[in-house]
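Engineer: Next come the chains, spelled out residue by residue.
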Amino acid sequence: AQRVTQPEKLLSVFKGAPVELKCNYSYSGSPELFWYVQYSRQRLQLLLRHISRESIKGFTADLNKGETSFHLKKPFAQEEDSAMYYCALRSSRGDSSYKLIFGSGTRLLVRP
Amino acid sequence: GAGVSQSPSNKVTEKGKDVELRCDPISGHTALYWYRQSLGQGLEFLIYFQGNSAPDKSGLPSDRFSAERTGGSVSTLTIQRTQQEDSAVYLCASSFSSKGEAFFGQGTRLTVV
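From first to last, the protein sequence lines stand for chains U and Z. With our numbering applied, the first sequence covers 1 to 112. With our numbering applied, the second sequence covers 113 to 225.
The shape of chain U in the complex, shown without the other chains (with noise of 0.2 Å):
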């Protein structure tokens, strides 16, 4: 079954500190995986995608497929950085290539 999990829902880092948000996913063939990110009163927007491999506000993450590991980080965290985010699995193989698929998110409380 087709699965992510984010094993944590809170993390709390202090500013300039590096932040790792965890993702684990279970799919056999090759996803495509990709971050959410929803700041506070604003709609859930894309961060991040593996295959454009860009870093985006600092965050870059990497895909681990030996590992199923696509983990968010960022070397110095800000208090902008704040807001909850979420991975999502989007199947990439014939015609259930719709549906993304998300963990239940982790929230990123960057402290003063």
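The hints are simulated quantities; they were obtained by calculation from the structure and are not laboratory data. Just so you know, not all the hints are guaranteed correct.
[Claimed, not checked] Here are some chain Z residues pointing at chain U (derived, C-beta under 10 Å):
| # | residue |
| --- | --- |
| 1 | Tyr145 |
| 2 | Gln149 |
| 3 | Gln153 |
| 4 | Gly163 |
| 5 | Ser207 |
| 6 | Gln218 |
| 7 | Gly219 |
| 8 | Arg221 |
| 9 | Thr223 |
[Claimed, not checked] Derived coverage of chain U by chain Z (criterion: at least 3 residues anywhere in the stretch with Cβ under 8 Å from a Cβ of chain Z; other residues may be distant):
| # | segment |
| --- | --- |
| 10 | 66 to 80 |
| 11 | 103 to 110 |
Beta carbons are placed, not taken as given, at the ideal position from N, Cα and C, and that holds for glycine.
Fit chain Z to the given chain U structure using the hints.
Structural biologist: This is chain Z only, laid out in the frame that chain U set:
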């Protein structure tokens, strides 16, 4: 419009009543999705539309839930005989194609009392 629009933004209803939630996708987006966001549960997939047809309704939790999409644009999610466990934020998203980036609306917060 500039983004996905959902209405109403908040809805309080009495248990047993029917509710309709509306989603206006981004113009030109053929794919439309409904999700439910419950506290601590992440986003639960409900239904997916490609154009006016719904090839995947597997996420609808019961037969009290239904959705339609007309003209390849606006979609309505209907919940009949609402129950307290239906209380959640219902999110709509659209994308240019089934493989494109999904853009989300602000959601409708449904409270069943």
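Engineer: Look at each hint and say if it fits the structure.
Structural biologist: Each hint, compared with the structure:
no. : hint       : verdict
1   : Tyr145     : holds (7 Å)
2   : Gln149     : holds (8 Å)
3   : Gln153     : holds (6 Å)
4   : Gly163     : violated (12 Å)
5   : Ser207     : holds (9 Å)
6   : Gln218     : holds (5 Å)
7   : Gly219     : holds (7 Å)
8   : Arg221     : violated (12 Å)
9   : Thr223     : violated (18 Å)
10  : 66 to 80   : violated (count 0)
11  : 103 to 110 : holds (count 3)
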